[in-house]
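Chains as they are written, first to last, in the working numbering: chain W, 1 to 225; chain R, 1 to 304.
Misleading hints may appear alongside valid ones.
Said to hold, decoys possible - Derived DSBU-like pairs (lysine-lysine); straight-line CA-CA distance at most 35 Å:
1) W:K7 to R:K233
2) R:K124 to W:K188
3) R:K2 to R:K233
4) R:K233 to R:K124
5) R:K124 to W:K114
6) R:K117 to W:K188
7) W:K206 to R:K258
8) W:K210 to R:K117
9) W:K172 to R:K8
10) W:K213 to W:K70
Since the hints were derived computationally from the structure, they do not count as laboratory data.
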Amino acid sequence: MIGTTLKPFSEILQVLEGSRKVAVVGCDGCAKVCFTGGADEVAAMAARLREQGKDIVFEATPERTCNVVKANPVLEPLQDQIRQADALLVLGCGGAVQITRQLTEQYGLTIPVKAGLNSVGHMDTVIGGTLALEQCQECGDCILNETGGICPVTKCAKGLLNGPCGGAEDGKCEANPLNDCAWILIYKRMSALGELDRLRRFVAPKDYSKAAKPRTLHIKEGRVS
Amino acid sequence: MKLTELFKMGEFVVTSEVGPVKGCCRPGPGAEDPAFLQEAESIRDYVHAVNVTDNQSARMRLGSLAAAVLLKRRGIEPIYQLTCRDRNRLALQSDLLSACSLGIDNVLCLTGDHLRKGDHPTAKAVFDLDSVQLLKIARNLNEGCDMMGQPLTQPTGMALGAVVNPNFQPLDLQLLKMEKKIAQGARFFQTQTVYDPKVFETFINKAASFGVPIQYGIVIIKSPQMARYMNEKISGVSVPLSIIDEMAATPPELYRPKAREITARLLGEIAPMVQGIHFMPMGWSDLIPQLVDPVPGFCRCGAG
Numbered sequence: 001m002i003g004t005t006l007k008p009f010s011e012i013l014q015v016l017e018g019s020r021k022v023a024v025v026g027c028d029g030c031a032k033v034c035f036t037g038g039a040d041e042v043a044a045m046a047a048r049l050r051e052q053g054k055d056i057v058f059e060a061t062p063e064r065t066c067n068v069v070k071a072n073p074v075l076e077p078l079q080d081q082i083r084q085a086d087a088l089l090v091l092g093c094g095g096a097v098q099i100t101r102q103l104t105e106q107y108g109l110t111i112p113v114k115a116g117l118n119s120v121g122h123m124d125t126v127i128g129g130t131l132a133l134e135q136c137q138e139c140g141d142c143i144l145n146e147t148g149g150i151c152p153v154t155k156c157a158k159g160l161l162n163g164p165c166g167g168a169e170d171g172k173c174e175a176n177p178l179n180d181c182a183w184i185l186i187y188k189r190m191s192a193l194g195e196l197d198r199l200r201r202f203v204a205p206k207d208y209s210k211a212a213k214p215r216t217l218h219i220k221e222g223r224v225s
Numbered sequence: 001m002k003l004t005e006l007f008k009m010g011e012f013v014v015t016s017e018v019g020p021v022k023g024c025c026r027p028g029p030g031a032e033d034p035a036f037l038q039e040a041e042s043i044r045d046y047v048h049a050v051n052v053t054d055n056q057s058a059r060m061r062l063g064s065l066a067a068a069v070l071l072k073r074r075g076i077e078p079i080y081q082l083t084c085r086d087r088n089r090l091a092l093q094s095d096l097l098s099a100c101s102l103g104i105d106n107v108l109c110l111t112g113d114h115l116r117k118g119d120h121p122t123a124k125a126v127f128d129l130d131s132v133q134l135l136k137i138a139r140n141l142n143e144g145c146d147m148m149g150q151p152l153t154q155p156t157g158m159a160l161g162a163v164v165n166p167n168f169q170p171l172d173l174q175l176l177k178m179e180k181k182i183a184q185g186a187r188f189f190q191t192q193t194v195y196d197p198k199v200f201e202t203f204i205n206k207a208a209s210f211g212v213p214i215q216y217g218i219v220i221i222k223s224p225q226m227a228r229y230m231n232e233k234i235s236g237v238s239v240p241l242s243i244i245d246e247m248a249a250t251p252p253e254l255y256r257p258k259a260r261e262i263t264a265r266l267l268g269e270i271a272p273m274v275q276g277i278h279f280m281p282m283g284w285s286d287l288i289p290q291l292v293d294p295v296p297g298f299c300r301c302g303a304g
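All chains should be built: construct the whole structure from the sequences, respecting the hints.
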């Protein structure tokens with residue numbers, strides 16, 4: 001999922017300054033899992049904004065706001081209400097904000113679309129409702145087959161490909177002692193698998209052209225450009 | 001002169017380290033030498049070369065290349081430290097070409113401390129390459145081509161060094177990386193500081209078979225507070241309680257001779273295991289002449 005956190009309410013009020021009529025659009029996908037933009041959080045945000053004197057034009061929570069196939073059927077019937085709004089506040093990831101903006105433009109509406117959340121990474125939930133970890137950078141050149149299913153590009157603070165730096169202590173990362181050293185994890189995993197020799201091989205510098213922004217995924221062709 | 005040549009000649013190679021200042025270093029009338037130049041000058045007869053750190057501890061300083069060139073101009077052999085933290089592959093290769101063009105003979109290739117510990121924690125970390133890959137591209141440049149295989153008008157010709165941490169657990173993982181560094185071009189090693197001769201012995205018993213010269217690295221402990229700070233804040237370093245206690249039982253005005261005594265004792269135990277020493281004096285370079293003999297008849301760069 002895409003991890004999200006709620007922006008400070010003071011910042012949200014600041015971006016909505018001058019906008020009296022506000023629509024709140026959440027996301028029943030990732031933001032719901034993060035308790036930042038599901039139907040409950042959208043209702044709570046609407047209530048807080050009302051307390052601040054805002055008129056809430058509507059509340060909506062598409063199943064996946066980052067996906068036009070899911071967002072459009074929810075927002076298209078709301079065009080008249082969107083037209084009345086001074087701003088849309090989206091409680092979803094950066095993708096959800098931009099798909100919402102794109103749809104309003106498609107509807108011929110020029111309405112400010114504001115982000116109520118900060119997107120904080122591609123996150124994997126390890127304790128439901130409690131903890132998610134960033135474990136993949138979507139680098140376009142996966143090396144998990146060489147590293148025992150543990151990603152050094154993401155889980156090593158320095159993204160080292162040929163083994164650890166010298167900074168780990170008690171198995172913990174130099175940059176953040178709350179994190180395990182990814183390379184010690186990889187070493188232990190490869191030892192257990194009897195595949196340590198794979199780690200002796202030189203890993204060439206990464207091809208970052210595969211992660212050159214912004215990427216386009218041609219879904220039917222399975223191709224990135 | 002390349003350190004590799006000294007090792008080949010059987011020289012016991014002594015190096016030290018200075019950290020460039022946070023500021024510009026343009027000589028002018030009445031301008032005093034900055035601390036790192038004064039330190040380097042104070043030990044010039046006692047060391048073969050002086051490392052110049054690269055934004056050490058991720059703190060922004062005068063560049064290590066400029067500082068290394070300033071040493072070279074004074075006839076003090078620099079070891080130019082180059083980290084992967086702040087430069088992508090173009091900048092690293094370009095800086096290596098620049099270094100060789102400016103007379104640098106020795107490069108120490110490092111990953112670099114993480115930004116989170118430095119004075120610009122909001123900066124974007126680069127780490128485009130790791131230290132093993134940096135060694136490989138530096139070797140490529142020595143062999144006349146860049147990392148994309150494109151020929152150079154003139155190859156570089158620098159001795160390539162690397163670092164290793166004998167304190168690291170599991171040690172075999174650190175040694176695995178050390179072997180990769182050797183395979184990609186490292187021809188001498190400087191170790192992280194070690195205060196337990198047994199830890200060093202365990203390391204050297206395995207690493208000696210790699211056949212690459214190793215310098216024992218030692219940070220001079222200046223006070224019990226510093227030792228405790230290192231244990232708490234410097235990852236990958238461990239100062240034994242016995243050394244902290246020994247320092248703590250010393251009156252502050254005698255820290256300097258005590259530091260000399262502790263360092264001398266460690267050198268006595270560990271130096272016989274290695275091909276050289278690398279001091280990290282943390283500003284107490286004046287102790288070095290009390291710890292090692294002058295380098296006899298050493299022909300320094302620019303001096304003959």
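Structure-based check of each hint:
This hinted pair checks out: K7 of chain W and K233 of chain R have alpha carbons roughly 32 Å apart, not beyond 35 Å. Between K124 of chain R and K188 of chain W the CA atoms are separated by roughly 30 Å; this keeps the pair inside 35 Å, and the hint holds. Among the hinted pairs, K2 of chain R with K233 of chain R is consistent with the structure: their alpha-carbon atoms are about 34 Å apart, no more than 35 Å. With a CA separation close to 22 Å, the supplied pair K233 of chain R and K124 of chain R stays within the 35 Å bound.
With a CA separation close to 26 Å, the supplied pair K124 of chain R and K114 of chain W stays within the 35 Å bound. Simply put, K117 of chain R and K188 of chain W have alpha-carbon atoms about 27 Å apart, close enough for the 35 Å limit, and the pair holds. Of the supplied pair hints, the one linking K206 of chain W and K258 of chain R is violated, its CA atoms being roughly 48 Å apart against a limit of 35 Å. This hinted pair checks out: K210 of chain W and K117 of chain R have alpha carbons roughly 30 Å apart, not beyond 35 Å.
For a cut-off of 35 Å, the pair hint linking K172 of chain W to K8 of chain R is broken: about 38 Å separates their Cα positions. Between K213 of chain W and K70 of chain W, the direct Cα distance comes to roughly 25 Å. Compliance with the 35 Å bound is thereby established for this hinted pair.
Violated hints, listed in ascending order, are 7, 9; each of the other numbered hints is respected by the structure.
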